[in-house]
Amino acid sequence: MSATIEVRDLRTHFFTRAGVVKAVDDVSFSVSRGQVLGLVGESGSGKTVTGFSIIGLVDPPGRIAGGSIWYQGKDLAHLSEREMRSLRGNRIAMIFQDPMMTLNPVLRIDTQMIETVLAHSKVSRDEASRRSRDALGMVGIPSPDERLRAYPHQFSGGMRQRVAIAIALLHNPDLLIADEPTTALDVTIQAQILAEVQRLAIEHGTALIWITHDLSVIAGLADQIAVMYAGRVVESGDAAAILDRPLHPYTHGLIGSVPSRNKRGEKLRQIPGMTPNLLSLPPGCAFRMRCARADAACEIEPPAAPHDDGRELRCFHPMDQAA
Amino acid sequence: MSEPIIELRGVSKRFGPSYDAAARLTRAIAGRLGAPPRNETVRAVDTVSLSIQRGEVVGLVGESGCGKSTIGRMVAGIMPPTEGQILFKGHDIATLSGRDGKSAKLKVQMIFQDPYASLNPRLRVADIVGEAPLTHGLVSRANFDSYLDAQLHRAGLDPSFKRRYPHQFSGGQRQRIGIARALAVQPEFLVCDEAVAALDVSIQAQILNLFMDLRRELDLTYLFISHDLGVVEHLSDRVLIMYLGRIVESARTEEIFNHANHPYTRALLAEVPRIDSRKHRFTAITGEIPSPLNPPAGCHFHPRCPHAMPRCAAEAPTMREIAPGHHSACHLNEVAA
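Protein chains in written order, with this note's numbering: chain A, 15 to 337; chain B, 556 to 892.
Since the hints were derived computationally from the structure, they do not count as laboratory data.
Just so it is clear, CB atoms sit at the ideal spot from N, CA and C, and this is done for glycine as well.
Since no wrong hints were added, every one of them can be taken at face value.
If the Cβ cut is set under 10 Å, some of the chain B residues that face chain A in the computed set are:
hint, residue
1, Ser619
2, Ser725
3, Val756
4, Gln759
5, Phe812
Please work from the sequences and hints to get the whole structure.
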């Protein structure tokens, strides 16, 4: 089965006055139909910029400086804005952390949804309105006919996120990029959203890229995981394999510092130091300053190399070797 | 049992609009004309009683809008309760005045969620941390520098940073500044309101470890407010579960996580994403969290509860001890008994 989307050696750099910020540096992954990729990283690791690069929303001073993003034989990295517009919101959709950011506060929900339908389909207004209502019903919004006539502020946070998801799904996209869509939501509401999105991925075969810092959410959702650190994917592969047996010291540290992985009341295993400034990255492995296994070899950037069980790893001293 | 360090007795907090003369007049006329007055009062906290022993870490868990932060703020003395009493070491903090009141307030300090909004951007770290102990005479001018260095060092900050401003620090370091500021007045009780929620996972672990070290070192008592059950489970001795202004369950941490009683607690625990889980189909309790402006009658949870019976809609359940030290407010426990 060919991949819905294949990102190869993607580099998205920001050319600022203070210097070049390599927010995404040599990132590769692919997602197949109906599959969920968990793109995991801490703030500033480049996970959101990766999502923005795919959907063509990187603003200056940033631009895609290299690599390719293959979708149905087309390289999205080199698509004209007009062609990108016909895909964006149609075949490729994105949902964001803050649904208030994606919804226009002064327009009714129906206005915003009908506009989205008409942007990509030649249908009547009535048909567009009907599709919008069905989409709201599908994401579990009660009495969709009435809710269509409401404004965003009349919805709760969870309901607003559902509206954003309904809009993203209006055209049954092939790829949905979800950037921390449940981080601002409560646990019970988060579970509802996860259930909806998962059902849609299974029923419509949508490929899903789920961007998050929360490994616990990913554990229950993803088929594949890509862990990002300082703009690079340091470990990627099968979700269960990585969670059971992380090989990169960073992944290992990240999983180890989750409270439920530690014995109650005992000290959490922590990663020393803090996330590096992308403007002044040390040469070599970006994680070596915080890594207990680092040595002189790590002063050269480790290449992404395939490992035994099909995963890819950027490390000279993975956890399955003696330190 | 020893005397609790903090005790809440029937504490309520209501937020409502204050009516000026014109608004009062319109409401009176509307009332005469037979229009029912609109309820604009939020019962953020509804007759909550709890006590916290010295040295305990109590986790307060609930979803947004359940009133957990309001309790934290009242305990920290930032906000007075509308009804009820808050006792610090057996004295009602509202009736303490002068020197006693001041020292009682200093003994309870708070650490906030947002390390960006809770530090004055125009003050240097030395002033943020040092102002309160100097003002309250906890340290003399002569010893100020060494005192300040010790405070910063204890929170894991390099004292040479003290001339810097908050914007020169990362989120985790800012949270350490907030911790140093709270500890600089030598408190005995810390209210941590979502103190690690805004931090990255690897930084969160560092701050949680710091909290645990400080507890041992300074014999601190914590009220740890969080929506993150994983964090609360790791840190707390006892857990209180809140839903829409009321505490619905309270027990020792192992008891809550192994034998949750209240249907809300069970639903909450079932839906916490766990790193030990693997790909599975998610299911969810249906329904929204109701508005605290207009909470459901009886048990607030009954519209979402799978076990609701007619009685739940009519009568609010009271907290009952269902096992030693384990309290729950659910009518089901009386049916079973």
